[in-house]
Structures are given as structure tokens and as C-alpha cells.
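**Student:** Read off the chains here:
Protein chains: 2
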Amino acid sequence: MNAPLWKTPAQRERERALKREAVLRAAARAFSEQGFHRTSLDDVAERLSVTKPTLYHYVRGKDEILFECVRIGLERLDSAAASAEARRSGGSGLDRLIVLWTEYAHIVTEDFGRCLILVGEDPLPAETRKDLRALKGKIDKRFRGLIEAGIADGSIRPCDPKLLAFAAAGALSWIARWHDPAGPLGVDSIADQTIRFFVDGIGAGAAG
Amino acid sequence: MNAPLWKTPAQRERERALKREAVLRAAARAFSEQGFHRTSLDDVAERLSVTKPTLYHYVRGKDEILFECVRIGLERLDSAAASAEARRSGGSGLDRLIVLWTEYAHIVTEDFGRCLILVGEDPLPAETRKDLRALKGKIDKRFRGLIEAGIADGSIRPCDPKLLAFAAAGALSWIARWHDPAGPLGVDSIADQTIRFFVDGIGAGAAG
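If you're matching them up, the sequences are chains A and B in order. 1 is the number of the first residue of the first sequence in the numbering used here; add one for each residue after it. 209 is the number of the first residue of the second sequence in the numbering used here; add one for each residue after it.
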């Protein structure tokens, strides 16, 4: 059977979504590598071997692209955190946090998460920044809730959940700043060792 | 005795240096609060209640200012690390690291260090970025050396010094992103708790 000459509306919709994601992903890479202000839509078009007018079928401009890149990065963190919350049978609070922190490291070293960490919402107008910051606040809350659950079930020693959430977010987000995807260290191994510093402690007196 | 009518060359030089630092500091604050691209020299002049032409007595333009702000932030980290290296009588490698990490937290939450973390060298032309990155590399080396010394003297459990240096730098630098100087938590307390997560571990199985 030959492929039909005309696509169905559903096929067209799906294709359009895939192309839009390809535009956003190419832009996310360009922003992370060159910086937001140094990246033009022409650069993005060139990375996709299309013309700039083609991009306008999918996005309105650079601000919308950055908003979407940051939003997608945040949505991924949020959905990872929501799954960790829902995973009641996934062991202690600490066990669930370790799984979530590992996912966090992967998300922030992938295209959209990397753009979230390296560029973020700062270049955007105040009004759009507000929406993204609200989403960040929601994610922070989920992390703190999981830490509180770990303290409550005795798997995490009593501490300020806000400070622990930020310390881990900082250590893991930093990977996006220094990790060379072409280098010898894989994200899994980096994430594992970084998380172990927190969980077991580095002092010779801490448990191993 | 009255103040002399004419200043000595040394007095004039000292006054000029103080004024230049005031310009850089006002700019560092503006860059951190508003972003580099959204800050104009007029904004900086306004913060100092002087005119823009006055600024040009001290700096050539925005790029030079950002370069200097980032360089000063890095120099402070470098000199803190150099002191920690020199402090041979300051206890174990881990003890010296704890002192250094505490200083690190203070440096990155002060004007120049904050600008280093929140803005950094990314907006600058490639050639100037290179100089600052060389300085960063030097600082990284000092941190790794101290961690190696701690592993050698048995105060730090064997680990990858590069990964530990980055994990701590990330956790502590992150403070510059979320800490509200007007809020209830002081930098000393935040630094202390953040460093304790690493040193003692958060797991209930870790030593307390």
C-alpha cells in the first residue's frame, strides 16, 4: 500500500508539533552555547537549514522561544517531582529524593533544562518572568514536601528543608555549567557521586 | 590645623581609586538586579547621583565595568583560596576547606561576587572571557588541591576532588541566586548549614 497523497489533519498537527519542537530545541542549544543576546533567529534558522521566514510558522520571535524553552525545562522538573510525590511505594523519603535528584541532573543537562539553567528567564519582560517564577515556586514546594516526608519517616536527619532543597538544586544545576557532554564523565556517574556527597557526607567521621 | 587647600598626588590617587570602586560597585548591583543588557550607563550614573560623562573619568564603558566586576569577584575567591592553602597550621584539610567554603558563601553574596555568579563573563567578547576563564581555572585548581590534601590527611573520604569542588561551588553559589539580604536568614547561618549537609551527610545513617 502506498502512502496516501494527502495527510489527515491529525498527521499535519503532529508534524507541526514535531517541527516546532525542533525549532525550540535548536534555539535552546544556540542560547546555551552563544548566549541569548548573541543569538539571532538567523542563527537558529541556519542550524535547521531553513530560512528565517520558515521559523515564523512556528514561533513569533526570540522572546516566545526562550519562554517556551524555560517553560519546558521547568515542566520537566515539575513532572519529575510530581511523580516522586506520587511514588508512595518507592521507599523512604530519602530513597524517593535520590531518584528525583538523579532525574534532576539529567533534565538540567539536556537541551531545555540546560537553557533553563544557563540562560533562564532573566532576559524576558517582567510579565512573562512572573509566570515562570510561579512555576519555579511550585517545583520548590514539591522538593520541600519530599524532604519533609523524609524527615518525618526518619530517613533524613532534621534540617531546614528549604536550605537542603536549594543546596541540592545548586550542586546539581551547576553540572549544566561545567559538564562537557563530549568529556569522559557521564551524567549518571556525576549525579550519583554528587548525591552521595550529600547523603553520606564527605567527612571521615561520616558513615560510608 | 586646617586641611591643606591642595591634595597631594597620593591623596588624589587614593580618592580616584575609591570613586572608581564606587562606580564598579553601583554597576555590579545594577547588573545583578536588572541584568547586564537591561542596565545602561545612565542607570549607573543615576544610582550614584552623577552624570554619565563623570563615569567616563573612571571607566571606558559597560564591557570594561563588567570585566572588572567579575575579575574582582574572582580575585576575592582566589585570594581566599590562596590563604586557605597557606594556612598549614589551620587544622586538617577538611577544617581548612570549611573555613574557605564559608568565605566563599560570603564572597558570592557580596556585590562583586554576586555579579560574578548572576551575570558572569558570558556577555563579554570572547577575548576578554578567555582571561577570566583562566582565572577561574586557577581557582578550581586551588580548591581541588585542598580537597586532595584533606583526602591525603584522612579528614575527607576518598572521592573525585573535581566533583566535590564543583558540587560545593554549585551549592554555595546558588545562595547568590535565592538569598534575600532583607530576609530572616543570614549568610553565616545558610553557609554553615549548607556546608554541614556535605560534611556530615543528610542520611539518618550518616554520622551526626
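Source of the hints: derived by calculation from the structure; they are not laboratory data. Even glycine gets a Cβ: it sits at the ideal position worked out from N, Cα and C. Among the hints, erroneous ones may be present.
[As the list claims (entries may be wrong)] A few chain A residues facing chain B, derived, Cβ under 8 angstroms: (1) E68; (2) P161; (3) L164; (4) S173; (5) F197.
[Said to hold, decoys possible] With a Cα cut of at most 16 angstroms, we get these calculated EDC-like pairs of lysine to aspartate or glutamate: (6) A/K162 / A/D180; (7) A/K162 / B/D400; (8) A/K141 / A/E127; (9) B/K270 / B/D330; (10) B/K338 / B/D400; (11) A/K162 / B/D330; (12) B/K370 / A/E21; (13) A/K62 / A/E75; (14) B/K370 / A/E148.
**Student:** Now tell me if each hint is right for this structure.
**Tutor:** Right, here's what the structure says about each hint:
no.: 1; hint: E68; result: violated (20 angstroms)
no.: 2; hint: P161; result: violated (11 angstroms)
no.: 3; hint: L164; result: holds (6 angstroms)
no.: 4; hint: S173; result: holds (6 angstroms)
no.: 5; hint: F197; result: holds (5 angstroms)
no.: 6; hint: A/K162 / A/D180; result: violated (29 angstroms)
no.: 7; hint: A/K162 / B/D400; result: holds (14 angstroms)
no.: 8; hint: A/K141 / A/E127; result: violated (22 angstroms)
no.: 9; hint: B/K270 / B/D330; result: holds (13 angstroms)
no.: 10; hint: B/K338 / B/D400; result: violated (33 angstroms)
no.: 11; hint: A/K162 / B/D330; result: violated (29 angstroms)
no.: 12; hint: B/K370 / A/E21; result: violated (35 angstroms)
no.: 13; hint: A/K62 / A/E75; result: violated (20 angstroms)
no.: 14; hint: B/K370 / A/E148; result: violated (31 angstroms)
Checked against the numbered hints listed earlier, the structure breaks hints 1, 2, 6, 8, 10, 11, 12, 13 and 14; every other hint is satisfied.
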